[in-house]
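Chains as they are written, first to last, in the working numbering: chain L, 19 to 497; chain F, 19 to 497.
Hint data in this document are derived by calculation from the structure and do not stem from the laboratory.
A portion of the hints provided could be inaccurate.
It does not matter which identical chain is meant; a pair holds if it fits inside one copy or across any two.
Mimicking BS3-like on lysine-lysine, the simulated pairs with C-alpha atoms at most 30 Å apart in a straight line are [stated by the list, open to error]: (1) 123 to 226; (2) 329 to 81; (3) 485 to 260; (4) 167 to 389; (5) 81 to 330; (6) 123 to 103; (7) 329 to 103; (8) 485 to 226; (9) 81 to 336; (10) 417 to 226; (11) 123 to 167; (12) 101 to 123; (13) 417 to 269; (14) 269 to 321; (15) 195 to 329; (16) 329 to 269; (17) 459 to 167; (18) 226 to 330.
What follows is each chain in one-letter form.
Number of protein chains: 2
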Amino acid sequence: MSKNEKLVQAITSRDEDFARWYTDICLRAELCSYSSVRGCIILRPYGYAIWELITAELDRRFKETGHQNVMMPLFIPEGLLQKEKDHVEGFAPEVAWVTHGGEEKLQERLCVRPTSETLFCDHYAEIIESWRDLPKLYNQWVSVVRWEKTTRPFLRTREFFWQEGHTAHATAEEAVKETLDMLELYAEFYENALAMPVLRGLKSESEKFAGAVNTYTVEAMMHDGKALQAGTTHYLGDGFAKAFNIVYTDKDNTLRHVHQTSWGISSRSIGGLIMVHGDDDGLVLPPAVAPYQVVIVPIAQHKEGVLEEAKKLSERLKALGLRVLLDDSDRMPGWKFSEHEMKGVPLRLEVGPRDIAEGRCIAVSRDNREKLELPLENVDTTVPELLEALHQRILLRAKKSLEARIVDRNDWESFVETMNTVPGFIRAPWCGEEACEAQVKEETTATSRCLIDGELPEGSHCVVCGKPARHMVYWGKAY
Amino acid sequence: MSKNEKLVQAITSRDEDFARWYTDICLRAELCSYSSVRGCIILRPYGYAIWELITAELDRRFKETGHQNVMMPLFIPEGLLQKEKDHVEGFAPEVAWVTHGGEEKLQERLCVRPTSETLFCDHYAEIIESWRDLPKLYNQWVSVVRWEKTTRPFLRTREFFWQEGHTAHATAEEAVKETLDMLELYAEFYENALAMPVLRGLKSESEKFAGAVNTYTVEAMMHDGKALQAGTTHYLGDGFAKAFNIVYTDKDNTLRHVHQTSWGISSRSIGGLIMVHGDDDGLVLPPAVAPYQVVIVPIAQHKEGVLEEAKKLSERLKALGLRVLLDDSDRMPGWKFSEHEMKGVPLRLEVGPRDIAEGRCIAVSRDNREKLELPLENVDTTVPELLEALHQRILLRAKKSLEARIVDRNDWESFVETMNTVPGFIRAPWCGEEACEAQVKEETTATSRCLIDGELPEGSHCVVCGKPARHMVYWGKAY
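Bound-form chain L, shown alone (with noise of 0.2 Å):
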């Protein structure tokens, strides 16, 4: 069986075969490849045009936002992983530890960074002075680490892509304030870049970051019903500014340690743009991380003219600034269609002789297959219009789904009962204490997703041991 037929063969159904349905997209849409690193995946072309729209939609907003990209090591030395005590404890034992440089053996053995609070630490506290030097709002774009014993392509690798904020400034309020406005920054880039809804709130104790003192968190409701932790802020307060003496001189001539932050979001946002937008055919890509946001097909491309309208409008659209994709490669139209389906083209523009006698193309949308006959000498106006219109459409369609999977549940056997039968969120109070986070995990597999301010009913029980309720939680298994 060649490639190309490959590509056109159906993929197992989503409602027959979730985690087939992902496995087979992220393979036929060429987005991934397994390699010959256990656990780890290469990125092909197709995926890492989308990972490098990702990162350029974030970067911007960082840049816009006053922080500044650097780039640390690699590599820790196991000292300095071990400075702050709840920061090692978390994760020891998940990295990789390089033991042999070349032939010889290493005094100090090093990890490969599972995350970089330790490098950034050491820095700030050898820059910074003086309260002048404040805040530092550095960022980087990396691949980090982790030792995982379960893996799958994009939602958990043993190597996977982010990027890493680490903040520090001279006051508490204001790391707290950077660490809530990173978390609305990552909403608003979730909504209008991947036209996936997210709910924000705080992370339990037991769910937060080793180190932190809060960990805020965005999470996604997937098509089958399962959560995803698409990013996470944390206030670090000044544990880390105490473990790695990372002090400044106040105004008054004081010294104070400085308060800290850290923020991440990864490429398993790519497994979630699929288990949130894709269908049977395969991926379906909001506009702004498509690698190609229209693909033109010719039809009866070897009549005269064809091939020659067909390349005019691809130069118009990219005029536009567009991304856009001739497809004059020598197969049956058909088969074009079904493939650029499968990679989630948002818009197929047509054109064929007939359309070109009549000074039109026929236009498809790659989420409703909508068929609309523009005339082309309005393409300037209308195919932005659809674009756009398309982003709004599964932006709707991801919120309603995300809408109809909360449901509220008050006593501990509905709350069983619908988490091990319906998938979705459960919103329903919680006393805080760990044990019964605990038993909700061992009966239903579901964790504490987020706790949300200001929507805990005065007089609420907890669900699970009937005391006296703190926060209002949303339950979910997740990904």
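Based on the hints, put chain F in the right spot on chain L.
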């Protein structure tokens, strides 16, 4: 001493101690910091911004020539690294080995990639089936690790940043053409983006890449007379294809091996920038890779209208697409001048009350300190012209310096004397025997930098042994 005081303090003079001058600039211009990981540096915001601009310049050229970005894993299993005999011999002595994941000892060691030929080959063997799949023109932007004993910022570090191109072709001709095309692209990039002239040529057998048939190089000349290998392209032949069984079905239905290339430019190009253009006041940046191309320094900025006028000017220049910094910090103009000269900002514009009254600003170019009065009404054309003129001026100066550093020597005695007293390239014939290369290295520490076609006069004799010469060679001491 505060950070600002350190910034304006003089650095070591270039002619007094070139090595210290270099390190002073790296640290004082805040390009990088030493890290707690021996041999690895931290790229600070200013250094990383230069690297981002270098990557953007190269990435655009790669994409325009049909290359696609991908991402391979960070690790290479030991067995995979060993598949190509010459390759593993070249790299095994200098790789970092991961032996443990979490608590568990790995069954097979993984090395942190020193270069990724083996990973690309493994992937190509899986995805290439037919002549229709060729060529594959892939590239990746990553860091790689080589366990070097002696390190220097940018020039030689255990972790460094680069792009590595890896291509597969149907025929040897196509692969050779790609190897030479990429060499030409590198040379054009160095001239037009970094204002650095380079020599292009072939590496000798002893200097070529481990596993390659041929290695081509671009070599630059530093201010101290030492050569810098600034980028290499390798024609790999079908050796890797045979070791990894990368075959395709040709049009005539025959199975054939692909022919491959690889090529890379690294963050040492930043070291080259410093050592070609820098002076006793710091860095001098070519506009294409300057994080700020223009710095505006208000004079007497507390006076009415000064800051407003400076802001207007800044906005106008930004609207042209220029990268502009308005330095309205509360420091004295003289301190600002020194800092931005240290950081190599190509053009400084000064705006004071008298300038505003006369409808002008003062422009000072970083390289020659020429002061010009620019009428404000024309800055849209004069500022881009001044930047272009600076680029041409520093390129011409570097070209002259390169030419002045090339001398011919035809006898061994004067070759040794010149090499050990007058730094630069010596152009001298060579018989092609490794023993003669080894002798040069032993007596002068110089190496053959590159072999240049068509420059060998009839009847030339090897400068070392006197036997008939086969190549004209540029010899030099190198970083």
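Outcome of the hint check:
1. Proximity of residue 123 and residue 226 under a CA criterion of 30 Å is satisfied inter-copy only: 29 Å between copies versus 36 Å inside one chain copy.
2. For the identical chains of this complex, residue 329 and residue 81 are inter-copy neighbours only, at 20 Å across copies versus 36 Å inside a copy, given an alpha-carbon limit of 30 Å.
3. In this assembly of identical chains, the alpha carbons of residue 485 and residue 260 never lie at most 30 Å apart, being 37 Å within a copy and 70 Å across copies at closest.
4. In this assembly of identical chains, the alpha carbons of residue 167 and residue 389 never lie at most 30 Å apart, being 46 Å within a copy and 64 Å across copies at closest.
5. When the C-alpha separation of residue 81 and residue 330 is checked against a cutoff of 30 Å, the pair qualifies only between copies, where the shortest distance is 22 Å, while the shortest distance within a copy is 36 Å.
6. Taking the shortest alpha-carbon separations for residue 123 and residue 103, both the intra-copy value of 27 Å and the inter-copy value of 24 Å come in at or below 30 Å.
7. For the homomeric pair residue 329 and residue 103, neither the shortest alpha-carbon distance inside one copy (62 Å) nor that between copies (48 Å) is at most 30 Å.
8. Within a single copy, residue 485 and residue 226 get their C-alpha atoms as close as 23 Å, which meets the 30 Å cut-off; across copies the closest is 74 Å, which misses it.
9. In the homo-oligomer, the alpha carbons of residue 81 and residue 336 lie at most 30 Å apart both inside one protomer (26 Å) and across protomers (15 Å), since each shortest distance falls under that limit.
10. For a Cα distance limit of 30 Å, the shortest separation of residue 417 from residue 226 inside one copy, 26 Å, qualifies, whereas the shortest one across copies, 58 Å, does not.
11. Taking CA atoms no more than 30 Å apart as the test, residue 123 paired with residue 167 passes in both settings, with 27 Å inside one copy and 14 Å between copies.
12. Within a single copy, residue 101 and residue 123 get their C-alpha atoms as close as 23 Å, and across copies as close as 24 Å, so both meet the 30 Å cut-off.
13. For the homomeric pair residue 417 and residue 269, neither the shortest alpha-carbon distance inside one copy (48 Å) nor that between copies (51 Å) is at most 30 Å.
14. In this assembly of identical chains, residue 269 and residue 321 lie within 30 Å of each other by CA distance solely across copies; the values are 26 Å between and 77 Å within a copy.
15. With identical chains, the CA atoms of residue 195 and residue 329 are at most 30 Å apart between copies only, with a shortest distance of 29 Å across copies and 50 Å within one.
16. Taking the shortest Cα distances, residue 329 and residue 269 sit within 30 Å of each other only across copies (28 Å), while inside one copy they are farther apart (64 Å).
17. For the identical chains of this complex, residue 459 and residue 167 are intra-copy neighbours only, at 19 Å inside a copy versus 51 Å across copies, given an alpha-carbon limit of 30 Å.
18. Taking identical chains as interchangeable, the C-alpha atoms of residue 226 and residue 330 are never at most 30 Å apart, the minima being 54 Å within one chain and 47 Å between chains.
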